[in-house]
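In the order they appear, the protein sequences are chains A and B. Here the first sequence is numbered in my numbering, starting from -13 and rising by one per residue. Here the second sequence is numbered in my numbering, starting from -13 and rising by one per residue.
Note that these hints are calculated values from the structure, not bench results. Bear in mind that the values here come from a model prediction, so they are computed numbers and not experimental data. Among these hints, one or two may not hold up.
Identical chains blur together in the list; that is why a pair holds if it fits in one copy or across any two.
What the hints assert, rightly or not - Below 30 Å or equal to it, Euclidean Cα-Cα: the simulated DSSO-like pairs (lysine-lysine) are:
#1 Lys22 / Lys2
#2 Lys236 / Lys109
#3 Lys179 / Lys293
#4 Lys74 / Lys109
#5 Lys24 / Lys179
There are 2 protein chains.
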Amino acid sequence: MASDGVEVSNKQVIFKDYVTGFPKESDMELRTSTAKLKLPQGSTGLVVKNLYLSCDPYLRGHMTKHDRPSYVQSFNPGQTVTGYGVAKVLESGDPKFKPGDLVWGPTGWEEYSVITATESLFKIHHTDVPLSYYTGLLGMAGLTAYAGFFEFCSPKKGETIYISAASGAVGQLVGQFAKLTGCYVVGSAGSKKKVDLLKNKFGFDEAFNYKDEPDLDAALRRYFPDGIDIYFENVGGKMLDAVLPNMRLKGRIAVCGMISQYNLEKPEGIHNLMSLIVKQVRMEGFLVSSYCHLYGKFLETVLPAIKEGKITYVEDVVEGLENAPAALIGLFAGRNVGKQVVVVSRE
Amino acid sequence: MASDGVEVSNKQVIFKDYVTGFPKESDMELRTSTAKLKLPQGSTGLVVKNLYLSCDPYLRGHMTKHDRPSYVQSFNPGQTVTGYGVAKVLESGDPKFKPGDLVWGPTGWEEYSVITATESLFKIHHTDVPLSYYTGLLGMAGLTAYAGFFEFCSPKKGETIYISAASGAVGQLVGQFAKLTGCYVVGSAGSKKKVDLLKNKFGFDEAFNYKDEPDLDAALRRYFPDGIDIYFENVGGKMLDAVLPNMRLKGRIAVCGMISQYNLEKPEGIHNLMSLIVKQVRMEGFLVSSYCHLYGKFLETVLPAIKEGKITYVEDVVEGLENAPAALIGLFAGRNVGKQVVVVSRE
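Only chain A is shown next, with the shape it has when bound in the complex (with noise of 0.2 Å):
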């Protein structure tokens, strides 16, 4: 137990400054300096040891100087990059926590944080699946599918639904949840390790490598030549473009995300919107944070799930937070096979 305000050495992943375009390991750096394990006198925050820590596309969202507000709050150059992670906690001002307790939420990429929004955390009170799933499968990326698909969705029996990037975090899931509710379940990705992936480990209907599909329409007429009821978007640009003209009539898309935009100083041009009229197709973005009262239900349904093997997860594991931001920057060259996972310590 660290709370005798012992002094430790900190390392700490540094954002360096604004980026436009694809981000690069030299927009961040690594710093060590020292922290006081100890709360400040009247904190009600917590001094937590971070365990794992998750790799989002949203991050990137941070790096970018916003002349507008956006969700995703612009990073100062010189701060410690957040995001959220499984931490153990070694202090408390706050009586809903005590050392010892796991928690998942938003924290700091360095080995120990000092984490004021305590409201923003949970506790984890499953420890008999692996800790990391709650970086994804059990935190934000769980409950971002399990939301999207369930909620937004509307999904019935028997309808097809489309999931792009569907090797990633969210998308394995969504096409799991989609099984099980009796869906005809399409992924894409890109490359053939994940196509494998889709359809022998997630149970995919179909899956096809984009980077060899030169006409995204003409195969997509191919897995739906009777259209698609659900797009699940993570990806955005021309698979949106091609997707459109193949929805089918009352349609749905949730959009999770677009990842193939955020490295763009411009956005793609989306041409083909006029679908969403001829088809009256509801498209709609979503964050996660407004369902998060979803999560104990959410929990319910998976966890026994996971434990029964109806749901089951890939995660692409890095070792070291030294290794943290070549692990971020390969979400966007889709380098990551599975969930992007980097571990700062085991325990």
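Given chain A, put chain B in place with the hints provided.
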């Protein structure tokens, strides 16, 4: 009564051939044929005399050769143009209608028509309002405005709404519904005369001429410093792209039409769809054909409001079937001020 099978001269507007780009008057031609005002033995259709015809932007869709199924089927070259209109029944093989009844619904651009799809017709029971209103305010445009605003936009008192093409057949009504709901209402249109109508006749809070605004984003920021809760989309293209970043959290975009795009060989690209995620916006296309069951409720709301002067309506009335092609083409140049109606005959 003309049920004795007399042969009459029948002026018709004929669709000549598929159109790309802007339609021209010469894409249609006037022909005079003869019509026998008698139904074939056993027919369950109607012989009608057409009184008023509705010029609607969606008609442009019929003039395109579609390579995919669309809600507007391609016209066949050489056929009579068809659209919505008000007509008087001359002869009936359908027990729900009798000679002398007034109806509105799909009919031909000609003096006399035989209508077989009688299930698409609405009988007109209220004739203490101008009959031409059934081409617009009390017809498809009115129901479009009603269903689009009340069913899709989930409007709440105090919310802000922006309407493009606001002085058109649908826009002028949406604005008045929104004012009656207690919203802050801003509309745009393409001339000073139309802007004056919006402010002085329809009671919009603000209105502007989009042609006077080189920076649409700046204009929208000026009228909506705190953002837009509801966008009623009639225009598409650059206007939509300017609106997206100005939407408020949980905003709604009812996609009714995209008139700026109908004559382009390739629709303009929309770059700002990421705002759907950032602001958790819902964008949904709709067709009035799915809302015909609301027509009775709609009339119950609107008829008293017209009589009490709470809702007003501006029509741009052209006399004579021979002027119908020019009137239709005029829509795409914004020449009409208010709902474009063609009078074939006043009785």
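Of the hints stated earlier, which fail here? 5
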